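Undergrad: Protein sequences, first through last, are from chains A and B. If you use my numbering, the first sequence closes out at 149, no skipped numbers anywhere. If you use my numbering, the second sequence closes out at 561, no skipped numbers anywhere.
Calculated from the structure, these hints are not laboratory results. As the structure is a computational prediction, the values presented were derived from the model and not from experiment. Glycine is no exception: its CB is placed at the ideal position from the N, C-alpha and C atoms. A hint or two may mislead.
Below, in silico cross-link-like pairs of lysine-lysine (DSS-like), each with a Cα-Cα straight-line distance of 25 Å or less [to be verified]: (1) K45/A <-> K301/B; (2) K116/A <-> K213/B; (3) K197/B <-> K213/B.
Which residues of chain B face chain A? A partial, calculated answer using Cβ under 10 Å [as the list claims (entries may be wrong)]: (4) R40; (5) K118; (6) V175; (7) I299; (8) K301; (9) Y480; (10) P488; (11) D489; (12) F490.
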Amino acid sequence: METEKLYEITVYTENQVGLLSSIAGIFTRRSLNIEKLLVYPSRIEGIHKFKIQTRTDETHVRAVVLQIEKKVDVIKAYYYIDEEHSAQEVSAVKDFLAERETERNNNNK
Amino acid sequence: MEDKTGKVITGAEILLESLMNQGVDTVFGYPGGQIIPVYDKLYDYRDDLRHILVRHEQGAIHAAQGYARVKGTPGTVIVTSGPGATNVITGVADALIDSTPVVVIAGQVPNAALGTDAFQETDLIGLTTPITKWSHQIRRAEDIAWAVARAFYIAGTGRPGPVVLDLTKDAQVGMAEYQPVKCNFIRSYVEVPKPSAEAIDEAVKMIDAAEKPFVVYGQGITISGAEKALDAFLEKGDIPAGSTLLGLSALDSDNPHYVGMVGMHGNLTPNVMTQECDLLIAVGMRFDDRVTGTVNTYAKQAKIIHIDIDASEIGKNVPVDLGLLGDAREVLEALTAKIKTRKGRGWQMERIMCDAVEKHKVIDPEIHPEEGEINPGEVIAAVAEACKGEAIVVTDVGQNQMLAARYSRFKEGRSMITSGGLGTMGFGLPAAIGAKIAAPQRKVCLFVGDGGIQMTVQELGTILQEGTGVKIVLLNNNWLGNVRQWQELFFHERYSATRMVNPDFSMIAEAYGIGCATVEERSQLQEGIDRMLADDRPFILNVHVREESMVFPMVPPGKSVDQIMLNSKDWFDYGN
């Protein structure tokens, strides 16, 4: 058996109605209790950020994060067991959005 | 029709314009109070938009699924609020798990009544969020064109799936200027991820190093149009391949590399190969538990490469050595370009031995019995023979489905329409209607049991009204056969609630004006099939089959895929 730990999941999303229940549903389906939940505007303009704490093992947290990221209006999702992550994350999300912008422009050419 | 671009029109008209802008020419639906404005405008569009009036909303969604699976583009459903909307939910869940593109447009109460428990109000977004790719409420006419374009883009791209649009009365009757919208980009949604060059090279290295590689493919091949790419990959690497239930028809049944269906009621050869290979290459499939048996022993001896478009599937059920994210066709083409040409992989022994055992112990007794009652498998084999593998096969769920999967033959892709993931009884009849409407020039044969047909039997009315030439092969054994089989094998023959007292199906056929032949003796079977296939009209072939028939081989629950029951007494255990 894998050991259970307190994981912190961060999710960057578009500002769309219904995302909170959509994301919460992924936890409910696996009977995972949400220990802490914060939703607020991220440091990137127009992008919302979720911070979710849950107690589970790595296999489950990985699956949950991928299923969250699969939602159409979710940009990126990460998980951690420590809290030293915020700076890299924001730049990773910014890089992703810049890449997508280039693709959008290529699409429209 | 006149061009409405730039004109101020009602939301209902914007909806219909937007559907036509997506190339929709057929919708499946049922009217009701909160969707009347849309139906009112549909009257003006009746020459351009064919509306199939079903008899129950569940019939609409399953027909749209059958239509989408044959066409490869989203099926469209229009229903009213409340019960109209909740009646499609089974099909929406089915479409999600089987990656079927459908767009459901449901009416909703006026904006001011939302949240008040108004007549026929239900929280459709709340109900469908967990079972859709996207679920969205539209409250203003000016948002409709955008939402419809986005809905079709999301439903039809990437890993396809269902989208629900909840359209309030205000949005339908409100006025707005119509401008056509195209959607081909959502920044948070990566439609087709690309595997890295390093990952491709790593896969090539693993494939070239393998002595006995084996491919298991699923519906991803069909969805990405990778049928030829898969064939070329198998040919160059000289690799045998097994199909999942939903992968069936992606390869010609006579393809020399094709070794059969994997899983619980699959063929011996591919199940044994799964446990004997040194490299398992899984493409466009998701390691469903009906495919893997117990995951504790599944392909443990092998390295595993998993190719899929959905990142959340990689490593979800089975740990893999290498995940390749991307479109099945693109990835297979990239691999084929780089792998070494191989000949003479040492798989002959397994194939010859397993095929011989299965033929002798399972197939011959099922499809060539010398006497006794008619076996359901022999009916399917006879229909397959008569259709020369050219028909679209639609199934319901249960024994009819497993036997149709085992004994049908396929020459063309998109020819097997079945409810795999959700296992929805009642799917077959309406899905067959949708399939026939999508491909009117092809034969569509439905295999259905006496239980399943009665779950959506009202759709015979749709066949009557539309004249849809579906060929219904009713494998009638007066039991819920699959559950009865489990009760016999695993629940001490306690037949709890599985005996069916059935109506005279020939009288039902007659009531709906549908041709029917009842087959009670083996000597009547061929004549019945010939009569059924003689023209393009709807027909019910009501075959009284062996009541206690069972589907074998069977990997019982909790067993490894090479621990296989050949019948009630004999086991096949390849290793021993």
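Undergrad: Please go over all the hints and tell whether each is borne out by the structure.
TA: Evaluation of the provided hints:
For the proposed pair K45/A and K301/B, the alpha carbon gap of about 19 Å is at most 25 Å, so the pair holds. Distance check on the hinted pair: K116/A and K213/B sit about 34 Å apart at the alpha-carbon level, beyond 25 Å; violated. Annotation: proposed proximity of K197/B to K213/B holds, straight-line Cα distance about 22 Å (limit 25 Å). Annotation: R40/B was flagged as interfacial toward chain A, and the flag is violated, the nearest CB pair being 32 Å apart, outside 10 Å.
Here the hint on K118/B is kept, as its CB sits about 6 Å from the closest CB of chain A, short of 10 Å. Annotation: V175/B was flagged as interfacial toward chain A, and the flag holds, the nearest CB pair being 8 Å apart, inside 10 Å. For I299/B, the suggested interface contact is upheld, since its CB lies about 8 Å from the closest CB of chain A, less than 10 Å. At a threshold of 10 Å, the smallest CB-CB gap from K301/B to chain A is about 6 Å, leaving the interface hint in force.
Contact between Y480/B and chain A, as hinted, is not supported at the beta carbon level, the nearest pair being about 34 Å apart and thus beyond 10 Å. Interface restraint check for P488/B: the shortest CB-CB distance to chain A comes to about 40 Å, outside 10 Å, so the restraint is violated. Because the smallest distance between the Cβ of D489/B and any Cβ of chain A comes to about 44 Å, over 10 Å, the interface hint for this residue is violated. Below 10 Å, beta-carbon pairs count as interface contacts, and F490/B has none with chain A, the closest being about 40 Å; its hint is therefore violated.
Hint compliance for this structure: hints 2, 4, 9, 10, 11, 12 are not met, and every other hint is.
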